[in-house]
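All chains should be built: construct the whole structure from the sequences, respecting the hints.
To convert, count from 1 in the sequence shown and add 85; that's our numbering.
Worth flagging that the hints you see were computed from the coordinates, not collected in a lab. Fair warning: there could be bad hints in the mix.
Unchecked claim - Derived pair list, reagent style SDA-like, types lysine to any residue, alpha-carbon separation capped at 25 Å:
no., residue 1, residue 2
1, K345, L454
2, K219, V693
3, K643, V693
4, K389, K822
5, K451, Q660
6, K140, D229
7, K472, T446
8, K203, A762
9, K802, E637
10, K472, A407
11, K771, R848
12, K203, Q116
13, K733, N687
Unchecked claim - Quick list of the computed label-pair ranges, beta carbon to beta carbon:
no., residue 1, residue 2, range
14, N143, Y605, 33 to 43 Å
15, L781, N373, 42 to 52 Å
16, H570, K714, 46 to 56 Å
17, Y406, F808, 51 to 61 Å
Where a beta carbon is used, it is the ideal one built from N, C-alpha and C, also for glycine.
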Amino acid sequence: MQNSKIILTIGMSLCVFNSIAQNNTKSYSGQVLSETVGVPFATVKIDGQIIRADKSGNFSFTNSKSTVDIQITAVGKTTVNRPQVILSNHLTIPIIIEMQDDSRDINEVEVMGLTKVKEINRQAYNVTAIDATKLYNSTLNIADALDKVAGVRVRESGGVGSNTSLTLNGFSGSHIRFFLDGIPMDNFGTSFQINNIPINLAERVEVYKGVVPIWLGSDALGGAVNIVTSTKPRTFLDASYSYGSFNTHRTAINAGITNKNGFMVLLNAYQNYSDNDYTVTTMFSDPNTWGIEENVKVKRFHDKYHNEALVAQVGVSNKSYADKLLLGITLGENYKEIQTGARMVSVFGGWHRRGSTIMPTLKYQKNNLIKGLDVTLNANFNLGNEKNIDTLNRRYDWYGNYKETGVNGERSRQVYVYKNNEGLASLAVNYKLSDRQSLALSNVATTFNRKGEDELNPQNNNYEHGQRSIKNVMGLGYSYDVKDHWSTTVFGKMITQNNKLDVAEATSLTRFGYGMASTYFLQSDLQVKASYEMTNRMPTSYEIFGDLENQEANGNLKPERSHNINLGAMYGWKQGDDHRFSVAGNLIYRYSFDFIYNRLNNNQSKLVADNRDGVSTRGWDLDAHYSYKSFLNFGGSLTYQYLQNKQKYEEGYTGVSPVYNDQMPNIPYLFGNANVAVSFFDFSGKSNKLTVGYNLLYVHDFWLYWPSRGSASDDKKQVPKQFSHDVNIVYSLGSGKYNIGFEGRNLGNANLYDNFSLQKPGRSFAVNLRYYFQRNHQ
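Encoded structure:
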């Protein structure tokens with residue numbers, strides 16, 4: 086009995102003490118800043134308790150003490166220690182912590198985006214983010230970097246400036262949408278393609294597989310790629326130049342100036358040039374005798390390409406009315422000689438194209454416009470034009486010989502000048518209902534208006550009618566987020582499109598979609614994900630109207646829709662302090678209706694977009710990485726995707742189609758890559774660094790035509806198995822201020838193909854020189 090009284094007394098005392106302690110507990114807030122800009126996701130330790138700042142550097146905590154010790158750490162910043170901070174001074178005034186850039190060496194600056202990359206990868210969506218800053222000393226473009234991501238295969242029809250298509254977990258081409266800082270790139274023109282944008286333009290590249298967040302405002306069927314540039318207020322210069330095989334020159338310049346008042350100027354410029362005169366193995370057809378020779382080795386002789394681009398922006402940052410307000414102009418021009426048609430059996434010697442981009446831009450962003458309300462607004466309009474020039478009445482062979490053919494040009498005699506005037510306006514609003522709940526609304530409106538004239542045949546202009554398209558994508562989403570434990574988003578989309586093909590013919594379409602994405606952390610570094618979307622995609626303007634090169638028009642295309650399911654898991658762990666491991670895997674299932682795919686037209690000289698009633702996709706991808714200290718990095722990925730034709734009946738057959746349940750042709754289904762890099766610090770001098778790397782690309786052979794119509798022993802019906810070996814060496818001096826890089830690609834000189842056996846370049850070498858300077862503001 087006495088013991089019970091003692092226990093009761095102690096229990097009551099603890100309750101009273103706890104009640105007093107709770108009454109003395111108060112709430113405090115703070116912000117981590119660097120040059121007046123919030124430091125995203127800084128780590129805040131308060132008396133040893135770890136708190137994570139948000140994307141704007143804000144943090145909050147509760148405490149009953151009168152003083153606390155605060156330590157702040159962030160990637161690329163010098164650690165800040167603030168002992169014995171008096172909390173009574175901050176009951177109404179936030180705790181402001183100023184951080185400085187870590188100036189020990191530039192290698193720290195190169196991984197500043199790493200924390201943000203990890204944050205992106207931890208989203209509920211099936212997403213992979215690439216830290217582009219680690220690739221700045223290479224000659225890679227955006228497409229090259231994407232080709233190393235699990236589930237992604239970049240397919241090119243040739244060398245520098247060639248047509249490019251992205252395959253992402255079974256979807257390809259226009260199924261995948263591209264964005265620059267969240268702005269759709271549909272209207273950027275031919276000077277801005279993923280295989281001519283240098284990697285130095287990006288801070289990171291985000292790849293969304295399957296379900297796409299509504300803030301991107303897209304009608305993508307199977308995924309999206311968002312190229313994120315840096316608009317941090319800073320003063321810097323990053324310039325590089327490379328020279329390589331086939332007389333290839335590349336230049337990239339990125340620069341920015343920001344003063345203490347927040348006025349900023351940003352400049353991105355780049356240039357690509359190549360003769361693309363690499364050797365190919367093809368079939369030779371004599372234009373005079375019509376004689377045919379197989380497996381002839383010849384050089385491409387009419388494939389020169391160059392483009393120049395400039396993105397200039399001026400504005401302010403960190404103002405009461407705007408976190409960022411930028412007015413800009415995007416300029417670009419390109420010249421492209423067309424060597425072949427959709428197959429290499431068609432050879433051209435004079436046909437070429439020119440294009441230009443003139444696009445004014447507006448970017449506005451403000452967080453907490455009113456408490457909890459974040460607003461982003463973007464707008465642009467492309468005033469550029471394109472010119473298709475086909476004036477030689479000849480038929481060429483692969484040796485450059487030709488035969489005069491009359492008056493029809495090489496394909497269609499013309500000097501056709503046209504404008505693809507395309508405009509865009511997007512609005513994204515996010516409202517935080519509470520610490521865990523938020524609502525998001527987005528709306529993206531785009532316009533397309535093509536009108537042209539044939540300068541060589543003015544009489545044809547009498548039959549010229551404008552081709553127009555207007556599309557609007559509206560999305561609404563709700564998110565519930567328990568930080569570092571559980572996050573779920575549900576959303577809906579409404580898409581409308583109006584197309585006008587000529588004076589009489591017009592169509593109007595509306596589609597609705599919906600989806601969800603959820604993730605749960607079993608442990609801090611063990612994450613599982615699931616997402617589903619019933620998504621719709623309208624045909625693009627280029628699928629409907631053609632691209633006046635190798636894409637034929639098809640005004641009868643129907644919108645496609647798809648059920649997309651993704652399951653994934655990520656796990657990272659350490660063994661001791663030196664060994665780090667990470668593994669990520671995803672399972673996918675897609676069932677698409679009215680699936681849009683490219684096939685050869687009737688004379689097999691062009692591609693044409695067409696519908697199939699149904700296509701199912703099953704697959705998986707796996708990504709694994711290992712690192713030892715900062716010395717060794719090793720990793721790789723493997724992807725499998727099986728696309729099956731589910732259209733049971735089709736024109737030309739009285740019964741079940743012979744290709745029903747066939748594997749879809751001309752789509753790689755098994756591919757992967759592996760890479761290893763070794764770094765030597767203080768190599769031949771303090772703060773110098775030498776990195777040696779190797780990359781292997783593998784693509785399993787795949788059917789060029791329908792499997793049921795071909796023979797496994799007939800090599801012509803398959804794109805063969807491919808291995809490509811690349812090496813790179815980068816030497817950085819002066820803490821990364823001066824950099825020299827050397828690259829060797831396709832060292833085995835293998836015949837590489839992506840599209841309808843169009844051969845890509847063989848063995849090539851390049852050297853890259855880069856200079857980097859950044860001034861730290863005091």
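* Are there hints from earlier that the structure breaks, and if so, what are their numbers? -> 2, 4, 5, 6, 10, 11, 14 and 16
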